[in-house]
Amino acid sequence: MLFGPKSGAAPLLQTVGLTKRYGAFLANDCIDIEIWPRQIHALLGENGAGKSTLVKAIYGLIQPSEGEMRWQGEKMVLSGPSDARARGIGMVFQHFSLFDNLTVAENVALGLDGQQSFKDISARLEEVSNVYGLPLDPRRDVWQLSVGERQRIEIVRALMQDPKFLILDEPTAVLTPQEADQLFIVLERLKAEGRAILYISHKLEEVKRLCDIATILRGGKKVSACNPRAETAASLARMMVGTEIREVKAAAGRQTTVPRLVVNDLSLEPDDPHGVHLKHISLELKGGEILGIAGVAGNGQDELFAALSGERLAQDPGTVVIDGTAAGHLSITQRRRLGAAFVPEERLGHGTAPRMKLSENALLTGHAASGMVHRGFIKLAAMLSTVDRATKAFDVRKAKRDPEAASLSGGNLQKFIVGREILRNPAVLVVSQPTWGVDAGAATVIRQALLDLAARGAAVLVTSQDLDELAEITDRIAVMFHGRLSAPLPTAQATREQLGLLMGGSALEEKEAPHAVSA
Amino acid sequence: MGLLEAIILAVLAASTPLLLAATGELVTERAGVLNLGVEGMMIVGAACGFAGAWLTGSVIVGAICGMLAGVVLSLVFALMTLALAVNQVAAGLALTILGTGVSGLIGSRFVGEKITTAPKLYIPGLTDIPFAGRILFGQDAFVYLSLALIIGASWFLYRTRGGLILRAVGDNHASAHALGYPVLRIRMFAVMFGGACAGLAGAYLPLAYTPFFIPGMTAGRGWIALALVVFSSWLPGRLVIGAYLFGAVTILQLHAQGAGLGIPSQFMTALPYLATVIVLVLISRARTGGSTAPAALGTVFVPDR
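So the protein lines, in turn, are chains A and B.
Residue numbers 1 to 519, in UniProt numbering, belong to the letters of the first sequence in order.
Residue numbers 1 to 305, in UniProt numbering, belong to the letters of the second sequence in order.
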């Protein structure tokens, strides 16, 4: 075999013609993959390419419809995850499999099989977390912890079983660059200890840096196995998507005009005990400008979005100024009438009502200022034409003209939501995580739409955890940490290191930039 | 027997069915299942408990019949909500309506009959101690059993691996499933335990509280047990306080009404509910960061295969 370290020996894990069928839909179609010890193996693919299905089968969560798995050369049929764990397969989930209301030690105990006493578990937890430099306090409740700390629990829990093979599903999606670097050190060390790692990620630069071999899935089929270090990010992306990815292009010579969104010293107490206190937030955003807000999730981005959109009202009207009008005390609808538009992070349940049709969802944000309501009556034709225009302008793919929101894939629904707001020609667009969990093709469409909107003179505020995205489309970047917003840096001058330090709460030091983000 | 002693004895008797039913519901809800059919399971437990005791002459057989009836009804609920993924609120309400009908059907031929109620404990010497003797050592087996059950449930939930898994299933069923725990099977056992407790609580009424059966004799106690679980923030210790407080105010307001205070009787009847809600709210406010509802409570789980 091309990548096997020694010929003749059997791989640690091998899938042969692995197929998983859901009705007529082939989630995995005849996939062959080989996992060898001392290798970090990348699994690449767009959303819906079949990565999760493959990993679930390997971890025993689902049974393959056809094909087989071999563990150290022998046929393996898994009855469930505990069976997988008993053989030495560990898993770190993308959406963490943690229990918020239980303590760290209890969470770890739930991931272990067997009859170890709670005291032994706590002791071993401390030992493993020290050995790998992953500090954890076993007595704390999980809901109090940051995302990085939560991930540490998952990793430590998996390591406590001394796995031969560890699966990580998009582990860096929620980490700061520094936290990600620490994770890479741990992974390199696990590799050196002779373990095998299957690493699922969207971040191609990361894969090139870390992984020894990459398997690429598309539409449930394996399309390629390659050495990621010999490829470019663009060539990997092409294999994932199957077509050339368009580059997003900013219109040349974008003019900035008057300030259209101003926030003056906004402070806001959280309304739930797990929320973040916003402290003295100020920013000024001119027409034609895109401002990015970076930061690790849970540092007040949601609270800031709520304060800007009017979901939470400020005491002082002057704290939020939309197009010259003090709006801190105005409701969401009143702010929309001023020309503001909002795209929240959560697509289903916040951005749209999942069980309602797209036309009804268009009405929900457009009722105040889009001519869809006449004297209290809904104009169905206007609603449907909004759906049609968004579909056409943003290439929304759907099964029928006006389906339920929940029936669309994540990328297509996000294109619809962004399209719905942009078609209203807003003066100010506040958008949170515009391309989170969206495939590369849809992400390009959305980013281009934001750039085009700014080029037409709107002010755009983008909150994102993806620094590459912010580097690509913004003019300035500010960082949110513990409810405070840093002074914005011009994107062209901000370095990844600077932003990472701000995201971790360190004060910015004056020093030379080693490399620019956009490089 | 002094008035105070009589009142305390009456309070213990009035609180026991609430505590029994609420213990079962607490465990069920900790596993993430909201079973609103407690009242229905109790009333069927009462009818079957009385039938069993009247036919055999044994209170123990009666109690077992009551428990089994509760379990059977809870399995109907489990079939609907766990296997068929029906909405839990609708299924629970339907269960209460079903239970009321079934108990009337079973109990109709026993209305007017009488049985000997469960004997009270008597330990020579101890029970004869003035005042405290009858209260501590002179109760029927149900009272001791109800206390043993809540202590046992508390120990199970917080001191055993099984309890940890049950709480985990109630907190996040998707995570529990991803770790390989059989979410639906664990929930089914929790629902069955809730059914057994509710059935026993119902059987207590004709077997120990009054020596006869009348239709609808649970008189809303199942609903009160449900409310107690919520107001106790799903914590066993507070549940005990809530159940006895409710029983105490119920008995006290009866005495107050008997004494002829010039307070409207409707207000007095409402007093137990008011007092229990206020006290439990005050407790949960005093201790911040206490336990909240199981995060997965009332949500349907369908594993993908």
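Just so you know, the hints here were simulated from the structure itself, not pulled from any lab data.
The structure presented is a predicted model; accordingly, all values stated were derived computationally and were not measured.
Check the hints yourself; a few may be wrong.
Sample of chain B residues lacking proximity to chain A, with all beta carbon distances greater than 12 Å (derived) [to be verified]:
no.	residue
1	58
2	121
3	181
4	215
5	220
6	282
Capping the alpha-carbon separation at 20 Å, the derived lysine to any residue pairs in SDA-like fashion look like this [what the hints assert, rightly or not]:
no.	chain 1	residue 1	chain 2	residue 2
7	A	119	B	164
8	A	398	A	354
9	A	398	A	330
10	A	119	B	165
11	A	221	A	206
12	B	120	B	137
13	A	119	B	157
14	A	119	B	162
15	A	119	A	146
16	A	357	A	338
17	A	164	A	177
18	A	119	B	137
19	A	208	A	38
20	A	164	A	286
21	A	119	B	161
22	A	286	A	269
23	A	119	B	119
24	A	191	A	206
25	A	357	A	339
26	A	279	A	232
27	A	221	A	38
28	A	203	A	163
29	A	164	A	131
30	A	119	B	160
Pulled from the structure, derived: some chain A residues nowhere near chain B, Cβ distances all over 10 Å [said to hold, decoys possible]:
no.	residue
31	10
32	30
33	80
34	106
35	344
Ideal Cβ placement from N, Cα and C applies to all residues, glycine included.
Now for the hints, and whether the structure bears them out:
| no. | hint | in the structure |
| --- | --- | --- |
| 1 | 58 | holds (40 Å) |
| 2 | 121 | holds (37 Å) |
| 3 | 181 | violated (8 Å) |
| 4 | 215 | holds (41 Å) |
| 5 | 220 | holds (31 Å) |
| 6 | 282 | holds (18 Å) |
| 7 | A/119 <-> B/164 | holds (15 Å) |
| 8 | A/398 <-> A/354 | holds (14 Å) |
| 9 | A/398 <-> A/330 | violated (36 Å) |
| 10 | A/119 <-> B/165 | holds (17 Å) |
| 11 | A/221 <-> A/206 | violated (23 Å) |
| 12 | B/120 <-> B/137 | holds (9 Å) |
| 13 | A/119 <-> B/157 | holds (17 Å) |
| 14 | A/119 <-> B/162 | holds (16 Å) |
| 15 | A/119 <-> A/146 | violated (25 Å) |
| 16 | A/357 <-> A/338 | violated (26 Å) |
| 17 | A/164 <-> A/177 | violated (27 Å) |
| 18 | A/119 <-> B/137 | violated (38 Å) |
| 19 | A/208 <-> A/38 | holds (17 Å) |
| 20 | A/164 <-> A/286 | violated (54 Å) |
| 21 | A/119 <-> B/161 | holds (13 Å) |
| 22 | A/286 <-> A/269 | violated (27 Å) |
| 23 | A/119 <-> B/119 | violated (45 Å) |
| 24 | A/191 <-> A/206 | holds (16 Å) |
| 25 | A/357 <-> A/339 | violated (25 Å) |
| 26 | A/279 <-> A/232 | violated (42 Å) |
| 27 | A/221 <-> A/38 | violated (26 Å) |
| 28 | A/203 <-> A/163 | violated (25 Å) |
| 29 | A/164 <-> A/131 | holds (17 Å) |
| 30 | A/119 <-> B/160 | holds (13 Å) |
| 31 | 10 | holds (26 Å) |
| 32 | 30 | holds (20 Å) |
| 33 | 80 | violated (5 Å) |
| 34 | 106 | violated (6 Å) |
| 35 | 344 | holds (22 Å) |
The structure shown violates the earlier hints numbered 3, 9, 11, 15, 16, 17, 18, 20, 22, 23, 25, 26, 27, 28, 33, 34.
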